[in-house]
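Protein chains: 2
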Amino acid sequence: MANSKQTKKGLIIIYTGNGKGKTTAALGQALRAAGHGMQVCIIQFIKGAWRCGELEAFKRFDDLIDFHVTGKGFTWKSENLEEDKKIARQGWQLAQAAIGSGQYQLVILDELTYLAKYGMIDTQELVDVLTGKPESLHVVVTGRSAPQGLLDIADLVTEMKAVRHHYESGTKAQKGIEF
Amino acid sequence: MANSKQTKKGLIIIYTGNGKGKTTAALGQALRAAGHGMQVCIIQFIKGAWRCGELEAFKRFDDLIDFHVTGKGFTWKSENLEEDKKIARQGWQLAQAAIGSGQYQLVILDELTYLAKYGMIDTQELVDVLTGKPESLHVVVTGRSAPQGLLDIADLVTEMKAVRHHYESGTKAQKGIEF
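Chains A and B, in that order, give the protein sequences. Residue numbering for the first sequence follows this note's numbering, starting at 3 and increasing by one per position. Residue numbering for the second sequence follows this note's numbering, starting at 3 and increasing by one per position.
One or more hints might be untrue.
[To be verified] Partial chain B-side listing against chain A, Cβ under 10 Å, derived:
no., residue
1, 11
2, 16
3, 85
4, 87
5, 99
6, 102
7, 104
8, 105
9, 108
10, 120
11, 133
12, 134
13, 147
14, 149
15, 151
16, 165
In case anyone wonders, no lab produced these hints; they're calculated from the structure. For each residue, glycine too, the CB sits at the ideal point set by N, CA and C.
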């Protein structure tokens, strides 16, 4: 039966859209998997996107969750595009190593989509690496503006759509809730 | 300055929509808050919605996260509507007690919207309790079809929209990823 075989297939999951909850869902996914004793690798492609709350929480799972911060700040804007690309590619190489290592059951590539958006990595290269992943490995990708090529290969795509956001009414980001 | 005072205000956050990631985001929110040392209460209104992965993960946070399962299975369908209402109200009373206790900085009401949807609790009653919460308390509500009255009082609403779902292609729910 085709179906029973398919259930062993690792999923490619994408959380995209302009709403809150993408990284938060990835965080939940990491901890759900760790709760099952799965080995998890999280690579964050935007420096500063994950902060104290997450890092402290992960300390209680340091036997199961590996966490890496790569990349630059949110804008990826600088005078030195070549330097930016180099930093982006370093993160991406780390991701490829984690995907190919056979060491993890879940790899989370948080804010990976920005690398494609800002032209740091070709979408086709992202697609090639993800479609070439070990079959049983689950991969979660988050970030706004996921490129179509990436959406096309995903098993599960959720668009987080901002319906209302308190920033609009002048409230600042809050500790323990958004970071 | 109004803003500096506003930052102490606890938020009402709603994750709704037909896509995946609502409960997963709530789980991430719980662990982010716990990472900051905040006391968290999670009440699940659909029995079976959270399973082994989450429960195991929470064991590592039993000093910070209280977890309660209430309610019935996903359909809330039965021959005995009065019995169902009674069960729903018991869960809701627990929620009200947690909200009013002053013991928590974050209360998560997972799948609460179903209680309104199935007419177990009046939307107005949900609204009254949430707007009457302690000012600094954060509340996260998840579930499909959040009623308009609830959306109106939220600080932050994200609609999780299903763009693609692997169930469509015959793959079953997977351990460590969806439960």
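For a quick check of understanding: which of the numbered hints are violated here, in increasing order? Of the numbered hints given earlier, those the structure breaks are 3, 4, 5, 6, 7, 8, 10, 11, 12, 13, 14 and 15, listed in rising order.
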